[in-house]
Amino acid sequence: EPEVTQTPSHQVTQMGQEVILRCVPISNHLYFYWYRQILGQKVEFLVSFYNNEISEKSEIFDDQFSVERPDGSNFTLKIRSTKLEDSAMYFCASSEGRTSYEQYFGPGTRLTVT
Amino acid sequence: AQTVTQSQPEMSVQEAETVTLSCTYDTSESDYYLFWYKQPPSRQMILVIRQEAYKQQNATENRFSVNFQKAAKSFSLKISDSQLGDAAMYFCAPHFGNEKLTFGTGTRLTIIP
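Chains as they are written, first to last, in the working numbering: chain A, 865 to 978; chain D, 2 to 114.
These are calculated hints, taken from the structure and not from any lab test. Check before you lean on any hint, since a few could be wrong.
Here are some, though not all, of the chain D residues that point toward chain A, as calculated from beta-carbon distances under 7 Å [unchecked claim]:
| id | residue |
| --- | --- |
| 1 | Tyr34 |
| 2 | Arg44 |
| 3 | Gln45 |
| 4 | Met46 |
| 5 | Leu48 |
| 6 | Arg51 |
| 7 | Glu100 |
| 8 | Phe104 |
| 9 | Thr106 |
| 10 | Arg109 |
As a list, the in silico EDC-like pairs of lysine to aspartate or glutamate whose alpha-carbon atoms are at most 20 Å apart [stated by the list, open to error]:
| id | chain 1 | residue 1 | chain 2 | residue 2 |
| --- | --- | --- | --- | --- |
| 11 | D | Lys56 | D | Asp32 |
| 12 | A | Lys906 | D | Asp27 |
| 13 | A | Lys906 | D | Asp32 |
| 14 | D | Lys56 | A | Glu966 |
| 15 | A | Lys921 | A | Glu960 |
| 16 | A | Lys906 | A | Glu949 |
| 17 | D | Lys71 | D | Glu30 |
| 18 | A | Lys942 | A | Asp926 |
| 19 | A | Lys947 | A | Glu908 |
Each pair of labels, with its calculated beta carbon distance range [said to hold, decoys possible]:
| id | chain 1 | residue 1 | chain 2 | residue 2 | range |
| --- | --- | --- | --- | --- | --- |
| 20 | A | Glu920 | D | Glu53 | 20 to 28 Å |
| 21 | D | Asn63 | A | Glu920 | 31 to 39 Å |
| 22 | A | Glu917 | D | Lys56 | 27 to 35 Å |
| 23 | A | Gln905 | D | Asp27 | 19 to 27 Å |
| 24 | A | Ser964 | D | Pro42 | 28 to 36 Å |
Quantities reported herein were computed from a predicted structural model and do not represent experimental measurements. Note that CB positions come from ideal geometry on N, CA and C, so glycine has one too.
Can you make the complete structure from the sequences, with help from the hints?
Below you can see the structure in the form of structure tokens.
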């Protein structure tokens with residue numbers, strides 16, 4: 865069964881460094897998402913991406929964040945200058961369509977900023 | 002504002018028994034979709050069940066079913082014949098017509114052998 869994959873599973877970085885989190889969505893899906901979950905808290909939406917552009921973003925998704933689909937398979941989240949409060953689990957998700965379609969999640973990348 | 006409330010931070014149930022997890026929400030939308038996701042200790046987010054708001058019939062998926070009350074804006078998840086593998090964090094996550102899922106704070110379910 866097709867699944868969303870994410871790499872790396874765990875990333876440790878120093879404050880101020882840039883990180884890129886990678887995701888491979890399910891191949892026939894058209895909508896892509898990033899969510900994050902700070903330990904012990906609820907899952908928060910960051911951004912959605914469709915047709916090679918951001919379609920919606922939250923207030924968390926400021927200028928330090930960017931997303932890209934560099935080729936036909938990968939979907940990346942870049943954090944330019946990491947802060948301690950960026951430490952969280954980052955989930956990529958994809959769906960065939962918009963509202964009515966299920967979003968399928970990857971296993972997540974645990975980001976630790978020291 | 003669209004809000005999602007899961008009022009039970011923790012629940013426990015005896016193996017083979019039935020448990021119901023509650024979820025209420027607030028939205029001005031009339032057409033939307035509701036999902037329950039399960040997050041086991043591995044932290045993978047797994048889709049459990051979905052309900053379309055325009056459907057009166059409650060969704061069922063094997064041992065999982067929902068009780069959807071649109072007027073009350075309530076969307077509870079019933080797990081029958083609970084199994085040890087059901088132990089997880091359960092999130093109610095409506096999709097209110099925009100791009101994102103709006104997650105509740107979750108209910109941690111413990112299964113007692």
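- prompt: Hint numbers the structure violates, sorted upward?
  reply: 10 and 13
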